[in-house]
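Number of protein chains: 6
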Amino acid sequence: MKLKMLQIFFLFSLLLFSSSHALDFCVADLKGPIGPSGYSCKIPAKVTVEDFVFSLGKAGNTSNIIKAAVTPAFAAQFPGVNGLGISMARLDLAPGGVIPMHTHPGASELLLVVQGSILAGFISSDNSVYLKTLKKGDIMVFPQGLLHFQINAKGKTAIAFPSFSSPDPGLQILDFALFANNLPSVIVEKTTFLDDATVKALKAVLGGTG
Amino acid sequence: MKLKMLQIFFLFSLLLFSSSHALDFCVADLKGPIGPSGYSCKIPAKVTVEDFVFSLGKAGNTSNIIKAAVTPAFAAQFPGVNGLGISMARLDLAPGGVIPMHTHPGASELLLVVQGSILAGFISSDNSVYLKTLKKGDIMVFPQGLLHFQINAKGKTAIAFPSFSSPDPGLQILDFALFANNLPSVIVEKTTFLDDATVKALKAVLGGTG
Amino acid sequence: MKLKMLQIFFLFSLLLFSSSHALDFCVADLKGPIGPSGYSCKIPAKVTVEDFVFSLGKAGNTSNIIKAAVTPAFAAQFPGVNGLGISMARLDLAPGGVIPMHTHPGASELLLVVQGSILAGFISSDNSVYLKTLKKGDIMVFPQGLLHFQINAKGKTAIAFPSFSSPDPGLQILDFALFANNLPSVIVEKTTFLDDATVKALKAVLGGTG
Amino acid sequence: MKLKMLQIFFLFSLLLFSSSHALDFCVADLKGPIGPSGYSCKIPAKVTVEDFVFSLGKAGNTSNIIKAAVTPAFAAQFPGVNGLGISMARLDLAPGGVIPMHTHPGASELLLVVQGSILAGFISSDNSVYLKTLKKGDIMVFPQGLLHFQINAKGKTAIAFPSFSSPDPGLQILDFALFANNLPSVIVEKTTFLDDATVKALKAVLGGTG
Amino acid sequence: MKLKMLQIFFLFSLLLFSSSHALDFCVADLKGPIGPSGYSCKIPAKVTVEDFVFSLGKAGNTSNIIKAAVTPAFAAQFPGVNGLGISMARLDLAPGGVIPMHTHPGASELLLVVQGSILAGFISSDNSVYLKTLKKGDIMVFPQGLLHFQINAKGKTAIAFPSFSSPDPGLQILDFALFANNLPSVIVEKTTFLDDATVKALKAVLGGTG
Amino acid sequence: MKLKMLQIFFLFSLLLFSSSHALDFCVADLKGPIGPSGYSCKIPAKVTVEDFVFSLGKAGNTSNIIKAAVTPAFAAQFPGVNGLGISMARLDLAPGGVIPMHTHPGASELLLVVQGSILAGFISSDNSVYLKTLKKGDIMVFPQGLLHFQINAKGKTAIAFPSFSSPDPGLQILDFALFANNLPSVIVEKTTFLDDATVKALKAVLGGTG
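Protein chains in written order, with the working numbering: chain A, 1 to 210; chain B, 1 to 210; chain C, 1 to 210; chain D, 1 to 210; chain E, 1 to 210; chain F, 1 to 210.
Hints were generated in silico from the structure; no laboratory data involved. There could be a bad hint or two in this list.
In silico lysine to aspartate or glutamate, DMTMM-like type, Cα no more than 25 angstroms apart, as pairs [as the list claims (entries may be wrong)]: (1) K132/A x D195/B; (2) K132/E x D195/F; (3) K132/C x D195/D.
For reference, chain A alone in the conformation it holds in the complex:
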C-alpha cells in the first residue's frame, strides 16, 4: 500500500507544482515593478517564514514635540502583507503625547489599546464628532478616509496598535500637508480661512516655505 500511496504523492506533487502558489500570497519584491494592486511578488522559492513575521516590540522614540511615535508595518516595511488587504503599526504616546489630526486615504483603521489610556476621535462627512476615552483592551474603528486623532489621556505612556484594511493605508497628517511644504501661504489662507500670521508661523516651525 505504501508504494501506491507514493503514487498519489507524485501525482499531486506534479499537480501542485504546476499550479504555482502565486495566489496564496505575494510577498513584496521591493525592487520589482509596482502596480495599482501593490508590489510585484518575490519568487516563491526565496520566500521564508521571516517574510511573514515583523517585530513591533520596540518603542518608538517619543523625544519630540508631539511626544509620540508611529512605527509602520506596511508593505514597504513588512513585505509579507503585500496583496493581503491588511497591515499594522505601533503608536507610542509618552505623557502629553498626541498623534495629530490625520487621515489614511486608502484604508479603515482598527485601533487596539494595550497600555495606558487614549482619547481618540474621528469626524464624519456631516461633521459629527465621535469621541471616546479608550482604556487597555478597548478597540475603536476609524472609517476610511476620515479625519481622526489620538491623545494620551493619562499621565503615563500609552501604547496602541492600529490595524489597517490595506497593506499600504497611507498617512496624511493635516499640519504637514498644510505647513510642511511649498504650498503658498496665500493658498493655505484662502482654502482654510486661517490668517496669514498663523499660517506663516506654522510654516516656519514645520519647515514649509512660500
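Assemble chains B, C, D, E and F onto chain A, guided by the hints.
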C-alpha cells in the same frame, strides 16, 4: 418563417424574464434598506429613463462668503448611479470664489473645467504639492482621500464638473470638520497646533461649540 | 520650541519616507509591464503635476461620415488616472453627427452635455429602451457593458464629456466589430440574421474582408 | 477527558453561534430586497443542501429558428450562487443551431464543450477576431463584455456549459437589443448604418415596433 | 462678516445633509436584511460613538481542554466594522493552550502577540510549512484561507490579538468540521485516510454522530 | 460615399489604436513579473486565439491510490484566464475514486458532473454538513474557502468539471498539508487531536518528515 421566429422570441423572452436584469443596474430605492455596497434596487418595472438622467444645468447660489456652490449628483440625489461606481457634481465659482480644502473619503475625483479658469491642487501623503491653473477644457485628477481645493483664478465666474469613482464619494470639508461642530477647542488645538484664539474665532464663525 | 518642532519634522519625514506614497496614486509607466489591475507605476520622484492634468479643450475632427469625433483621456493617453477607477473622453458631434451603437466592456459611463442637444439611449438586457434628449447641463448614466449611442439632436454642433468608472473602459463599436475585420460574412450572417448583401456592403465600406 | 472535551465543544459552539456564518455563503432570498452586490441572504436556518444544487441535465427545447436553447443557472434560478462570484448555464445546439451574437455586460465566460463541435468566436475592442472550432473537452474563455457567439459546427447536436465570473452575468443578444423593442427604426439606422428595409424586416420578425 | 459666514454654514449644511453620510460607514443593523456585502446599515441618526468601540479587555475562559479561548469582535458582535474590511479578535492561551488547526475562509489574519510567547504556523498550497515562535510585540500574517494554528510556547499565559481583512472572516476549525457533526464516519475516512477507530473516537469526544 | 466611410475607418482606427485593448483581456506572460492581481499581460500583438482555448478532453491518470486525477486549467496552465476572474479543472474518478478533503483558499467552486455519479459535500463554519449525490447534469456550488470533497458514488468512472471564481483558485489538500511535509508530528498532534501513531503512519505514507 415569421412564426418560427416568434418561437425564438418566446423562448428568449422566457429566458430573459427569468434572469431579471438586476445586474444591468440598481436604481436606488431611497426608502429601502442600505448596505455596504449602496442602496437597495428599485423594482425594475418602476424604472424609467428619468432615473438615469439628472440636470446639473442650473448654477448654484454663490451669494455666500466663499462665493462658490457645490451641487451634487450622488446616489442620494441621482438614484441611477447607485451601484455603478460613478457620480458627478457641479461647481460654480464666482469671482474670488473658493472650494475650501477638503477630501472625498471614498473616491478619486476627475475635474473638468468648462468655463473660466481654476487654480487647483492636491497634497500627497509625502506632503508634495501638485498645483495647476486649469483653463477651459482641462481635466485634473485628484487621487482618493487626499486633501485638495479649487480657487477661481480669474475675474469671471468659473464652472467645473467633478466626476467621482464612486456613486457616493463623500465630502469632508476641513474647516467644517474642525470648527463647525462640538469638538472641544482644546482637542482641536492639541491635534492641529493652532492657538486657542484662532480656533475659537473660527468656531464662532462656523457655528461650532466647545 | 522651534528646535523641538524640527524633531517632529525629522521623525515624521523618516516615517513618511519609509512608507512610500505608492498607494496615493500610480501614474502609468507606459513602458513598464502591464497587469490585470493596470499599468506599472512611474517612480514617484519622476511624477509631476503634469501627469495629473490633461487637455480635452480642442475639438476633434468631425469631417468624416459620422460627423463626430471621440477624444479619449484613458490611462494610455492620460497616465495619471491609472489605478484610480476613473477616466474621461470628449465627444464632438457636428450637425447630423452620430456616435454609433457601442459598448464599454469594462465600465459604466456618465455623460455630461456642455453644448447643443444630444439624443442618447441605451438598451438593457431585457431589451427595454431608455431614450432621452439631453440639453446643456444634463447628465445621463449608461450602465456597464450595455449597448448605447449618442445622436446630435439639433442643427448645431454638440459637445459632451463622458466619464467612465475605469481608467481603461474599452470601446467596442458594433459596426466595426461586425464589419471592419476578417470575420467571415457567413458567420456574421448566421449570428446576426443580416442578409449577405447587407453584410458584404458594410464590410466593403468599413474595410472588412471575408 | 470526555467531559472536558465537551467543554471545548460548548465553548466553541458559543463562539461559532455568535459569529453567524453569514460570510460562508448568502443563498438568495428572492423575495427580499436586492442591492448592488446581489440578493439578500436567506436565513441560515432555512438553508439546505438543495440550495447549493441545481440540475442542468435536461436539454433545452431547440425547436425554434435558431435551433438552440440556453438554460441559465444564475442567482435568480439557482439561489446558492448569490454572492459567490460564479454561475453556469447550458447550451443545446441542434444541427444548424446558433447562439446569436451577444454580450454578458457583467462577466467573463468560460465555455466547456461536452458533446459535438462548436465554432465559437469573440471580437476584441480593436476589432480583432478570435475564432476557433471547439471539440468535446475543449474550453474557451470570452473576456468580459465583448461580442461573441457559438455555432454548431457539425451535423449532430452539440452541448456546452458556459461558466460565468458572476452570479448574475446578464445577457444582451444583439438582434433582440436592436430589433425586438420600440427603439425607433430611424435611430437603429443612424447608429448601425443598416438600411431601412433591413431594420423594418428584422423588427417585424422579432416583434419590434417603431 | 459673521453673518456672511453663517451663509456658508447654511449652504453647506444643506449640501451635506442631502448627500447623506451613508458612505462614511455602515454600522450593522443586526435585525435588518443581510446581503453579500454585509449587514444593512443602521440609520445614521441612531449611530453613536459606542457603535465604533468594543472591549476585548477581558480574558476568555480557558478552563477547557484546549486551555484557550477566542473572543471575536466581528461585525455580528461589533457592528461598527460592518462594510469597513476589517475586524479583530482576542486569543487567550493558558499554559499548554492551543488554538487548533483552522482556516478563515474569507480573510487574511495579522496576529499581534502582547503577552507570553506563541508558536504559530501556516501551511501553503504547495504544502510548505511556515513556522515561527513569536514573542511579545511580534506580528505574523496568515494568508487568506490557509490552514494555521497557534500554540502557547511557554509556561505562562499568552495573549494575542488577530486582526482580519474582513468584518466577517469566518472560522472553520478542522476537528469540528470533521468530527463535531453528522458527517458519516465512512466519508470522513475515505476523504482523510484516517482509520475508523480514530474517526469514531474523535466523533465521540467532539459530539459528532454517524 | 465609400471614400468618406474610409475616413471613419481611419479616424476610429487611430482612436482604437491609441486606447490599447489592455483592458479587454490580459493573457498571462508567464515569464514576466507577477503581482497581487495576477500575471503580467502578454503583448497584445502576440496574443492569438490559442491563448483563449485549452483542452480538458483527455482523462487524467487514475492509476493511483485515490483512483482519481485532477487536471487544472488555471492561469499557470491556461494563460487566457489571467485577470478574468474564472478558471476550470477536470476531475476523473475511477470506480472507488476520491478527491480527498480540501479547500480552495481563494475561490468558490461550481462543479458540473458530466458522467457517472458523485457524492459531494462541504462543511460550513458552523460545522453544518451539506451532502448530495450528484448525477449527470447536476451542478453544485462550494462556497469559498470551505472544506469539501468528491467521491465516486457508483461502480463506473465519473467525470466532472469544476469552475472557479478566480483564475488561480489554489488547492490545499488536507492530508498533504498535515502529513506530506516537515511539520513536526508533535505540532500536528497538538493542533488536530490525532494520536502519535496515526500521525506518524500518515507521514510515512505521504512522504512527510518530523
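Evaluation of the provided hints:
1. With a C-alpha separation of about 23 angstroms, the suggested pairing of K132/A with D195/B holds against the 25 angstroms cut-off.
2. The suggested pairing of K132/E with D195/F holds, with an alpha-carbon distance near 23 angstroms, which does not exceed 25 angstroms.
3. Between K132/C and D195/D, the direct Cα distance comes to roughly 23 angstroms. Compliance with the 25 angstroms bound is thereby established for this hinted pair.
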